[in-house]
Amino acid sequence: MNIYTQPYLFKVYNVFTFRQIIFLVIGFMSVGNIYAQTPISTHKIEIAEFVFTPQTIDVKPGDSITWTNSDIAPHTATGSDGNWDTGTINMGESKTIVVSADMNLSYLCKFHPNMKAEIVVKPD
Amino acid sequence: MKLKTTVLALTLSAAFSPVHAQSPAELNDLEIAHVAYTADNIDIRYAHLALGISENPAIRQFAETMIRDHTPVNAQALALLNKLNVNPQDNFLSQDLQKNAKNIVVKLSHLQGADFDKEYAKNELAYHKAVNNLVANEFIPNIENVEVKNLFKAALKIFKAHESHAEKMVSEL
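Residue numbers (numbering that gives the first Met the number 0), protein chains in the order written: chain D, 0 to 123; chain U, 0 to 172.
Treat the hints loosely; a few may be bogus.
Heads up, simulated DSSO-like pairs for lysine-lysine below, C-alpha to C-alpha not over 27 Å straight-line [as the list claims (entries may be wrong)]:
id, chain 1, residue 1, chain 2, residue 2
1, D, K43, D, K115
2, D, K109, U, K156
3, D, K109, U, K128
Where chain U lies over chain D, by a calculated footprint (3+ residues, C-beta under 8 Å) [said to hold, decoys possible]:
id, region
4, 67 to 81
5, 91 to 98
Distance windows between CB atoms, simulated [as the list claims (entries may be wrong)]:
id, chain 1, residue 1, chain 2, residue 2, range
6, U, E54, D, T95, 50 to 56 Å
7, U, E25, D, G86, 30 to 36 Å
8, D, S99, U, N132, 43 to 49 Å
9, D, S69, U, P56, 36 to 42 Å
If you're looking for bench data, these hints aren't it; they were derived computationally from the structure. Where a beta carbon is used, it is the ideal one built from N, C-alpha and C, also for glycine.
Make a model of the complete structure from these sequences and hints.
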């Protein structure tokens, strides 16, 4: 039996194809929108010998920042206003946060307040 | 391979030979390790005392940091000595440190409030200055085993950060 010769099945096939087209159009629109924006970046910050390196990074909302600690002593990366915090990063561990538009510019290690660095959040 | 093992064994036995030292510069690697382990534990002891007595947030935060930082340093030191299959050796300097610490603990225990905070902070600054001077100028130049030396270099960075933190704490009290 040829399904396309059956009137009912032929109708269903046509409706399904129409839906597929709609999904494809929406899909293309979304992809176009993504490419119109600046891509999201991942930034890496090393913690060694009680120093954050690099000391300053430029980021955008939505970017992620990963801190990796190679010191024996545990550290944190904590916004100076206490608004954000990676939590404890033990030796050999990494912690990641996603940048938000309202993140404080300066941060420190809350265990060792002399360790300071800066995040510059630039609008998208 | 056999030659390599023999050379390593000879190096370790020379570095860890039991000679009764009379000055810090004469201590062998195992005696130095014992001093460092003792010094770490003394500071942890002071920190527990501070957490038991002080209600000042800055003092309590510093004390918590001392416990948090000195504990992994000691764990690393013990792991290294275990790996090298050697034990730390008690010596005159470890005993002096213990004796002084006992007196300081008695003195601090009789203080309360701001008096305790000031004395604890002052002692932490003086203690870290003295230990850092010892580690930088007497221990690191004389340690023979490379792994032990590297551990002391890493530990010195931590202790120097503590010294700066203690300086700030003293100036703010």
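Cross-check of the supplied hints:
1. For the given pair, K43 of chain D sits about 16 Å from K115 of chain D by alpha-carbon distance, which is consistent with the 27 Å threshold.
2. The suggested pairing of K109 of chain D with K156 of chain U holds, with an alpha-carbon distance near 17 Å, which does not exceed 27 Å.
3. A hinted pair counts as satisfied when its Cα atoms are at most 27 Å apart, and K109 of chain D with K128 of chain U qualifies at roughly 22 Å.
4. Three residues within the 8 Å Cβ limit are the bar, and the region 67 to 81 of chain D against chain U gives 4, so the coverage statement holds.
5. Only when three residues or more bring their CB closer than 8 Å to a CB of chain U does the claim for the region 91 to 98 of chain D stand; here the count is 0, and the claim is violated.
6. A hinted range of 50 to 56 Å is violated for the C-beta pair E54 of chain U and T95 of chain D, which are about 36 Å apart.
7. As the Cβ distance of E25 of chain U to G86 of chain D is approximately 45 Å, the hint placing it in 30 to 36 Å is violated.
8. One distance hint, 43 to 49 Å for the beta-carbon pair S99 of chain D and N132 of chain U, holds here, with the actual separation near 45 Å.
9. With their beta carbons about 29 Å apart, S69 of chain D and P56 of chain U fall outside the hinted range of 36 to 42 Å.
The structure does not agree with the numbered hints 5, 6, 7, 9 stated previously, though it agrees with the rest.
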